[in-house]
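Chains as they are written, first to last, in our numbering: chain A, 147 to 534; chain B, 39 to 293.
Keep in mind that a hint or two might mislead.
[Claimed, not checked] Computed footprint of chain A on chain B; a stretch qualifies when at least three of its residues, placed anywhere within it, have a C-beta under 8 Å from a C-beta of chain A:
1. 95 to 106
2. 147 to 161
[Said to hold, decoys possible] A partial selection of chain A residues facing chain B, derived with a Cβ cut-off under 7 Å:
3. Ala388
4. Ala391
5. Glu401
6. Met408
FYI, nobody ran anything at the bench for these hints, they're computed from the structure. The beta-carbon is built from N, C-alpha and C at its ideal position, and this holds for glycine as well.
Here are the chains, one letter per residue:
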Amino acid sequence: MAAIRPNSGENPIQECHIRFSQPSKGTLLIQFTGHWTLQNELPSVNDVEKQLGGGGPIQCVSFDTQALTGWDSGLLAYLIKIIDECKTRNIKTDQAGLPDGVRRLLDLAYAVPEREGARGVAKRPSLLARIGTDSINVARGTAETVSFIGEATLAIWKFLRGKARYRHVDFTMTIQQCGPQALPIITLISFLVGVILAYIGAVQLEQFGAEIYVANLVGLAMAREMGAMMTAIIMAGRTGGAFAAQLGTMTVNEEIDALKTMGVSPMEFLVLPRMLALMLMLPVLCLYSDLLGILGGAAVSISILDLGVLEYFNQTKNAIHLHDFAGGLFKSAVYGTLVAIAGCLRGMQSGRSAAAVGDAATSAVVTAIVWIVVASAITTVIYNILGI
Amino acid sequence: MPEVTEKNDAHITVQDLTMAYGDFVIQRDLNFTVRRSDIFIIMGGSGCGKSTLLRHLVGLRSPARGKVLYDGESFWDADPSDQVRMMRRFGVMYQSGALWSSMTLAENVALALEEYTALRPAQIRELVSLKLALVGLSGFDEFYPSEISGGMQKRAGVARAMALDPEILFFDEPSAGLDPISARRLDNLILELRDSLGATMVVVTHELASILAIGNNSVFLDPITKTMIASGDPKTLLAESKDPRVHSFLTRGEG
Chain A
147 MAAIRPNSGE NPIQECHIRF SQPSKGTLLI QFTGHWTLQN ELPSVNDVEK
197 QLGGGGPIQC VSFDTQALTG WDSGLLAYLI KIIDECKTRN IKTDQAGLPD
247 GVRRLLDLAY AVPEREGARG VAKRPSLLAR IGTDSINVAR GTAETVSFIG
297 EATLAIWKFL RGKARYRHVD FTMTIQQCGP QALPIITLIS FLVGVILAYI
347 GAVQLEQFGA EIYVANLVGL AMAREMGAMM TAIIMAGRTG GAFAAQLGTM
397 TVNEEIDALK TMGVSPMEFL VLPRMLALML MLPVLCLYSD LLGILGGAAV
447 SISILDLGVL EYFNQTKNAI HLHDFAGGLF KSAVYGTLVA IAGCLRGMQS
497 GRSAAAVGDA ATSAVVTAIV WIVVASAITT VIYNILGI
Chain B
39 MPEVTEKNDA HITVQDLTMA YGDFVIQRDL NFTVRRSDIF IIMGGSGCGK
89 STLLRHLVGL RSPARGKVLY DGESFWDADP SDQVRMMRRF GVMYQSGALW
139 SSMTLAENVA LALEEYTALR PAQIRELVSL KLALVGLSGF DEFYPSEISG
189 GMQKRAGVAR AMALDPEILF FDEPSAGLDP ISARRLDNLI LELRDSLGAT
239 MVVVTHELAS ILAIGNNSVF LDPITKTMIA SGDPKTLLAE SKDPRVHSFL
289 TRGEG
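With the rest of the complex left out, here is chain A (with noise of 0.2 Å):
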């Protein structure tokens, strides 16, 4: 046989063609010319198959590759389609006539025979199928996500017990984390909200002769709602991802596993002081925004409404109530829990990969700003209809 090396890659496109022939009865002899290597266009199987089907019945295929000049895997992969073929017509192959570094890969191809039910089923599963599939696993997610609550809230009870097990550094950690350390981001962010929101009133106040009420409008707005909103949408991205990252990290590292091993429950270790944290600081970073928020509408009136400081805060005084805070509060210890969850929850269902770790962070914010969103409308027709 004569020695063909597998093709190092360098040569320029050259020609490859099948030839076949019936030298006996029965017998399909298949000629391979040329150069069989990926770069080329390699002739279609089903020209193969056509001669397997159609001239007559076919015992036994055979190879001749006296003419060939090259190979790579290319040629293999189209030997093992003529192989599989054979083999599902019950036609013999024989493989005499390939180079013997084609004989021995081709062995090794075959020698661990595919396990059986390990390849996934390949068809697209029917529209139905899928529907089925999904809203199992929205009940599946939905039943998680409710079993996640109880626990959590059972670890705050054992908490208020002085029971619930967890290292204080831990919580004072992640008190430092999404307290004092977010302070820039939310004094930038809540500033600006507070001159967008004077622009606003600006422009349409202004044709009333009523610039003055720029300060109720920006106190207000702050105070109820946006304050609580923004503080919690930053809080999202920054902390509720990490939480579903470090908790999702610490999946893949088996670290959550030990604790289980050790009897120590990673819902009090590890979830508890993430929630405890963010609830306490969450309605702190409020009060703070709202202030800042009535700085900006200030910094605006001020500056191009031409109203006196003394003026914009003694109004600002007037229009906002102590419940207008309050309700703010409240409402920002409500977003505080609904990121700590989601943001937990998401990294505590993370699997045991890398993608995974970030899907687990992105569906963490995607899940917070969601249910934030939902819980300022609830709150919001709550308050309405309480009169607050």
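Once you've looked at the hints, dock chain B against the given chain A.
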């Protein structure tokens, strides 16, 4: 074998265990017994479900069917509080070490002691230093897991697993990813701990050298038939097993 009086009483008994992810069965009808002070090897080719079996034994995954008994007490039929009590009797060394990355080695080892004993902080510190010294990590108390090498992380994982002097120690692929000398040291550590503490060791591995050096009992899982095809002392299996799959595994396919 070293001079350990081998009591033949069953420490862990697995009955008709079937493991599955949803509908995909990993292994079925597993039946074996781990005796007290055994070094029990769970072996088999990659992907046959060795680590999954370990997760079932330590209570992280519930079986699709069958039972895991500790001293005759069924783990999966017990109350959650009893499960925690049973879990406290064993320590697990995970494949990657699984040290808590936000805590120093000392804090990692100390956690179980803080949770489950009434020791004073000073006593805990002493014990932690002792455990770290036992695995050859004296002086690394204040290091974080990311600051030490993979082999050291595994040894620290062993120190953490034996913090509470458990009756059973589980090892998931102790020598995977280690150089031959570190792997050998870890094997010796397992042997010495068994001899000195009298603990039962369950080791998941496909490292042939380890299997033959330390194991005195084993189960062989086969990925094709999805069940166990051999059990017993690996050295006896090597000498006497007629099953070509077991024989070729234990001889690296050379026999």
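Going down the list of hints, with the structure as the test:
no. : hint       : result
1   : 95 to 106  : holds (count 3)
2   : 147 to 161 : holds (count 4)
3   : Ala388     : 13 Å, violated
4   : Ala391     : 13 Å, violated
5   : Glu401     : 5 Å, holds
6   : Met408     : 5 Å, holds
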